[in-house]
Amino acid sequence: MIPVSHVFIIAGFIFTIGMVGIFIRRNLLVVFMGIELMFNAANLAFVGAGRMHPELSVISDGFASVPFVMAVAAAEAAVGLALVVAMYRATGGTDTDLLRSMKG
Amino acid sequence: MNILFFYPISALVIFLSCGVVYAANPVHCAILLVAVMIGIAGLFLCLGCELLAMLQILVYAGAIMVLFLFIVMTVDTRKEEKFANGVKLAQTWGVFLSVALGLLFLFISLQFSRHLPDSVKWLGDAKSMGAAFLNNYALPFEAITMVLLAAMVGVVVMSREPMSQGPMSQGPTSQGPTSQGPTSQGPTSQGPKTASGGNQA
Chain A
1 MIPVSHVFII AGFIFTIGMV GIFIRRNLLV VFMGIELMFN AANLAFVGAG
51 RMHPELSVIS DGFASVPFVM AVAAAEAAVG LALVVAMYRA TGGTDTDLLR
101 SMKG
Chain B
1 MNILFFYPIS ALVIFLSCGV VYAANPVHCA ILLVAVMIGI AGLFLCLGCE
51 LLAMLQILVY AGAIMVLFLF IVMTVDTRKE EKFANGVKLA QTWGVFLSVA
101 LGLLFLFISL QFSRHLPDSV KWLGDAKSMG AAFLNNYALP FEAITMVLLA
151 AMVGVVVMSR EPMSQGPMSQ GPTSQGPTSQ GPTSQGPTSQ GPKTASGGNQ
201 A
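Same order as they appear, the protein sequences are chains A and B.
First residue of the first sequence: 1, per this note's numbering; consecutive thereafter.
First residue of the second sequence: 1, per this note's numbering; consecutive thereafter.
Bound-form chain B, shown alone (with noise of 0.2 Å):
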């Protein structure tokens, strides 16, 4: 039952994740990735691990996907045309080494000759999940935690400096804290009935 659904599901994704790579238009990348990640949902299915394909649905399918979707339709992406500007030394030698750490990959997978079983007692469910984020693994948990805080912090600064500062033509170079620094705080040295001045500025 396993090994009927396993090959074909795997031989989809990985027919689809080259789509992702090789799709022109970062739209089409983006749903054939979606479809990679409930491929691979499948896959841990497969394996035993329900709460992990549900899981990868619900983050990877449900939200990061969505955010990709979002940004790709917020940016204006354009088709990019394969190799406009040639072929780069640097991507020549990319994918060199990218192939040669895949047959690396290969070589290392081949030496694991253990099968693994078709009927086990379930130790990827969410009673023994959840059991192992509360006892074993507490630490890296709240860790993982701090992980989400730093980032989402990082992406709330990151996307509103450049808003601060009006129009977008002023580019990269000034930067929204030390350029509004001064008109900020002038009005405020002056006294508190200034207040309100800096509101309209």
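Only chain A is shown next, with the shape it has when bound in the complex (with noise of 0.2 Å):
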């Protein structure tokens, strides 16, 4: 008897460290995986949610949207990693205080 809130709580932990990630990194790659951190506790409460109502007899829409969400989370690495690529030939590194181009 796992309470939903324990596996939303474990979520919410895992969405902040991402996001935490994001804001004191400077390496594009590690700002990637902490989108990839915050990707996979979006999926963890969509498992938790669709796991709430074991009632219904169809499946629910939190197991169903898991799929989508890593399709689209693999979209994204993809395309971010083509843009640290694209970065690196233009910049010669991966730090994000490299990019300076557009400020005035």
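Hints in this document: simulated from the structure, not taken from any laboratory.
Don't take every hint at face value.
Claimed, not checked - SDA-like, lysine to any residue: derived pairs with alpha carbons at most 20 Å apart: (1) 103(A) / 90(B); (2) 88(B) / 99(A); (3) 88(B) / 102(A); (4) 103(A) / 86(B); (5) 127(B) / 60(A); (6) 127(B) / 65(A); (7) 103(A) / 87(B); (8) 103(A) / 127(B).
Note that this is a predicted model, so its numbers are computed, not measured.
With the hints as a guide, bring both chains together as one complex.
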């Protein structure tokens, strides 16, 4: 008997850690890893919410949302890593402080 | 049985995700993130979704993280010194806002008092998931294929443009097709005999 609130709390912890990582890290690859952590937290919350109503006989929206989140995460990782490669070609590094070309 | 594994695995996942954020070397971050993905797959197993656990391992730990490690080892990443350029105001406010959002999540989560039952009939197995994707979720399933196709085309376009202009020192200001355009279309406008001239240039 796991309370569903505990699942949500764990998902919230992972989401917050990923968001803190986005803000404090300067390496663009690690920023994308923080985004992946946030996607995983959302998946965990979806699964917890999907298990919340077992009396429904059809599959719940929570379970069915998880593969879509995974597909969007895969597309985001591909596009983001192509951006990392493009940034490395342009600036010679992956530090976000190197991105200054739009600074006035 | 579920509860025996759920809390240790979740504590491990939270600890490892702190390590993802904290580790200085991006390779260490990626390997810790693989461990986080596998731990979340274990949490899915504890919650009774074995298909989603398998998908998590296949897609995240198998595909996405291999892509991450590939890029980490392709680009020359060096260890970042923590707070080398000082702590920016945006970082302070970002961390502050994230912690505030986390507390909001905590308070919202505590509103749910329902308990997950220990033994129900499986709703997350492959049979019911497949039936759902072919009946109720057929249209989103087709839409997500279009998302993946668009991402694939976008990645190919984004990663081959600077390659067609030779030395990488020309930088981001020159765009591939526009700078390549006059030189590649010039010979072809003179006639078909110079069609091979475009290949030489």
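A quick look at each hint next to the structure:
| no. | hint | result |
| --- | --- | --- |
| 1 | 103(A) / 90(B) | holds (16 Å) |
| 2 | 88(B) / 99(A) | holds (15 Å) |
| 3 | 88(B) / 102(A) | holds (18 Å) |
| 4 | 103(A) / 86(B) | holds (19 Å) |
| 5 | 127(B) / 60(A) | holds (14 Å) |
| 6 | 127(B) / 65(A) | holds (16 Å) |
| 7 | 103(A) / 87(B) | holds (19 Å) |
| 8 | 103(A) / 127(B) | violated (54 Å) |
In summary, the structure is inconsistent with hint 8 from the numbered list given earlier, while agreeing with all the others.
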